[in-house]
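Undergrad: From first to last, the protein sequence lines stand for chains A and B.
Numbering-wise, our numbering puts 67 at position 67 of the first sequence, and it's gapless, one number per residue.
Numbering-wise, our numbering puts 307 at position 307 of the second sequence, and it's gapless, one number per residue.
Because the hints were derived from the structure by calculation, they are not lab data.
Some hints here could point you the wrong way.
[What the hints assert, rightly or not] Calculated pairs, PhoX-like style, for lysine-lysine (alpha carbon to alpha carbon, straight line, at most 25 angstroms):
| id | chain 1 | residue 1 | chain 2 | residue 2 |
| --- | --- | --- | --- | --- |
| 1 | B | LYS110 | B | LYS274 |
| 2 | B | LYS141 | A | LYS72 |
| 3 | B | LYS350 | B | LYS39 |
| 4 | B | LYS294 | A | LYS72 |
| 5 | B | LYS110 | B | LYS62 |
| 6 | B | LYS91 | B | LYS141 |
| 7 | B | LYS348 | B | LYS39 |
| 8 | B | LYS316 | B | LYS62 |
| 9 | B | LYS294 | B | LYS316 |
| 10 | B | LYS348 | B | LYS252 |
| 11 | B | LYS294 | B | LYS235 |
| 12 | B | LYS119 | A | LYS72 |
| 13 | A | LYS72 | B | LYS91 |
| 14 | B | LYS348 | B | LYS286 |
| 15 | B | LYS350 | A | LYS72 |
| 16 | B | LYS235 | B | LYS286 |
| 17 | B | LYS286 | A | LYS72 |
| 18 | B | LYS141 | B | LYS111 |
[Unchecked claim] Covered stretches of chain A, as calculated for chain B (at least 3 residues, CB under 8 angstroms):
| id | segment |
| --- | --- |
| 19 | 56-62 |
| 20 | 65-72 |
Cβ atoms here follow ideal geometry from the backbone N, Cα and C, with glycine treated the same way.
One-letter residues, chain by chain:
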Amino acid sequence: MYIVMKNLKKKIWVIGLFLVVATAVSFHINTEKSRLDALMFENVEALASDEWGPNVDCVGSGSLDCPRIHVKVYFIANAR
Amino acid sequence: MLVNLIRTLCLLFLLAACTSAPHKAGLVYADFPETHELKGEAIPLDTALFRYPFRIRVQEDKVFVLDLHGTDHFCHVFRYPDFSYWTSFGKRGESPDEQLSVENIRWNGKKLWLLDANKSELTRFGCALSGDSLFRQETVKLDRALLRALDFAMVDDSTFIIPDYSGDNRFCRVNRQGRLLHKMGVIPSSNEEALQNARPALAQAWRSFIDYNPRNGVLAAVTQLGEVLEVYNLKDSTHVVRIGPHGEPEFKVAEGYGIPTGIMGFSDVQVTDKAIYAVFHGRSFKEIMQNAQKGIQVDGGQYIYVFSLHGEPLCKYVLDHYIYGISVNESEGIIYATDVNQDDPIMKYKMK
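The shape of chain B in the complex, shown without the other chains (with noise of 0.2 angstroms):
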């Protein structure tokens, strides 16, 4: 009788421990398996264009760079290899042809898309016969629905995937005519009170960047604030949620607005056919609100974090530079950079 009693106790013991287990919704890792340090050489520009290169794209002979905070035009195009400059577009403007602002620009086969949140539209970008501008065939504006289009991916020719800001679900399926087909996922967070309480706000605090490759059906998500990597595979409806040390995105609530209170997280990222890229920051807003305070303002991430297609960590690059948008050639083996704290700001590095 007292050995069925200490089994029953011990059962209770065990579900007693399993109730305490850690709150995270996925799985965590605590470091990478390879840690490399790199250095990178500034590309020297023939013009001073930026003021805030936030993304950049290589595209066979050109390479376009978003400047997040442009005065004439948000982007811009050089030539490749030499990086002489070519032409700009995307020009700021209120009139129905320029642009209230750019989150990010996309290639899709041979169509550029330009994503602009404050007029909740996204616009094709052609190149002229002449071959020497890019003008716009398409626009196709946002279902109301989508509140506010923070960032966007193509999976095929006539969807677009753009997260999911009212916090319901994490990511909108977009047509080409720019209606809300469905909406799909959840904000992987183990704060149940904003998730009953505060979506909006979790949906704030959870704003992802997101990058998508049609060849391996994979979907990545990195979250701007704290360090969660999701990876959803679209070909065999796969999902791994990813939770570094920093843990999820901290935040407050303030009017229904999402406060951060931790860290910067992520600020970029890119699925290539054989890994995940992403560039990491892990500086406090603390620290941030101090040095400002000094007058340091240094912004952007030394680190690249590296992680398989499923997920798993792979190698960790620490950087010279502090950098904010990535472009991975894997196959030369050559990242492009941008730096938005400098006057020569794409450099490229090379990886080991």
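Excised from the complex, chain A in its bound form (with noise of 0.2 angstroms):
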């Protein structure tokens, strides 16, 4: 009975050392996922600001809005 007790207690530290890691990294992921995100948007922008310059193309006959142009193009593009 004394060693079936102290497997099962074993058993149990083992599970709460597991959900211990597991809520760690869960949590850890999530933070840096958002950290990630907001990151890549700091890039786009970056990008869109200065390395993009002043041009976004519009080009050929097609049916998006051209936000700039207000004419129908097949593709936007930037140009750099």
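Each of the two chains sits in its own frame; use the hints to bring them together as a complex.
TA: Here it is as structure tokens:
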């Protein structure tokens, strides 16, 4: 009986330890993901303001509404 | 005590798992329960009028086709069912009686409305007494607060619904005088940063085509980029968002503009009495640009997706042509579609 109880206690400790680690990892991943998302958005903003320059290219005839010249075009791209 | 500790940890673990849930703001669909291949029949026309046949409407004994890049006129009318040419209207030009652009045409009862985004006007056309032409009957100048109206639907004889281009809301209700009554809904995006900092670009990326059926009160909106369907039931005030495998519209922000980066999504939608039909493209801009560099320019979608009036996927039609606009006649089991890639641009499909 004593041995069975001892084994059960051991098992509970192992499960507990696993849950602590899993919880910590999960929180860590979430925090990391939001940090990455924020960084990515900052990069997009940086590209938008500096690197991409003043031109947005609207090419061809299509159905996309070119936000700059208000005609319908085939595709919209950055002129770099 | 140990058991309590484990219970607490389990709860924490479950909460942590919940916070890492996917960011989708709506219900996700992966595929359609049924897929059918359809072979179309090109309708021979006695005139070569079109540059970019974008919308098609069948109304009683006439077929109305909107040419998005029309040279002289934006709209052409044919007799139905023989498709002989009848007349053209919506003359391109800069005078007060002419159109700078035409985004869509819609029938409301016996009245035909036309939206010009560049003039920010809705115009009503009527049939002349002689019965051989259409003429302007009424012009509604749209409220400046609407920014840019790229599609419209009529809820009743006195109210228009127009997608909101500011990004603050989803739709604008506009009265018969063109005045903004109120805005409703929000863009169901999971892009929190764009919602906070780049709403105009977000609204551009979420440009949607809409249709409303007054018989069942269903307003459907499909995104031109990505793969999102929204179903609003204006009678019971329910709202469903369905997101397909290609996800929500993807874009970059440049100078405040939303630059498409993902895929071309839907190009037309129709709400019938039983279902929602939408034309889907599903081609990436990377592929489109690569093909354009090789001189290949295929435009349009090879799929018609059918959803229930609650937005559940029912059936996918795979077509033998790339099409843009559709006119679905459920009772006869016929879909008329426009194909911008060929000289005979009107296709007829029989549904299975």
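Undergrad: For every hint, state whether the structure bears it out.
TA: Hint check results:
{"no.": "1", "hint": "LYS110/B <-> LYS274/B", "verdict": "23 angstroms, holds"}
{"no.": "2", "hint": "LYS141/B <-> LYS72/A", "verdict": "22 angstroms, holds"}
{"no.": "3", "hint": "LYS350/B <-> LYS39/B", "verdict": "8 angstroms, holds"}
{"no.": "4", "hint": "LYS294/B <-> LYS72/A", "verdict": "22 angstroms, holds"}
{"no.": "5", "hint": "LYS110/B <-> LYS62/B", "verdict": "12 angstroms, holds"}
{"no.": "6", "hint": "LYS91/B <-> LYS141/B", "verdict": "18 angstroms, holds"}
{"no.": "7", "hint": "LYS348/B <-> LYS39/B", "verdict": "9 angstroms, holds"}
{"no.": "8", "hint": "LYS316/B <-> LYS62/B", "verdict": "28 angstroms, violated"}
{"no.": "9", "hint": "LYS294/B <-> LYS316/B", "verdict": "30 angstroms, violated"}
{"no.": "10", "hint": "LYS348/B <-> LYS252/B", "verdict": "38 angstroms, violated"}
{"no.": "11", "hint": "LYS294/B <-> LYS235/B", "verdict": "50 angstroms, violated"}
{"no.": "12", "hint": "LYS119/B <-> LYS72/A", "verdict": "15 angstroms, holds"}
{"no.": "13", "hint": "LYS72/A <-> LYS91/B", "verdict": "18 angstroms, holds"}
{"no.": "14", "hint": "LYS348/B <-> LYS286/B", "verdict": "31 angstroms, violated"}
{"no.": "15", "hint": "LYS350/B <-> LYS72/A", "verdict": "31 angstroms, violated"}
{"no.": "16", "hint": "LYS235/B <-> LYS286/B", "verdict": "41 angstroms, violated"}
{"no.": "17", "hint": "LYS286/B <-> LYS72/A", "verdict": "19 angstroms, holds"}
{"no.": "18", "hint": "LYS141/B <-> LYS111/B", "verdict": "17 angstroms, holds"}
{"no.": "19", "hint": "56-62", "verdict": "holds (count 5)"}
{"no.": "20", "hint": "65-72", "verdict": "holds (count 6)"}
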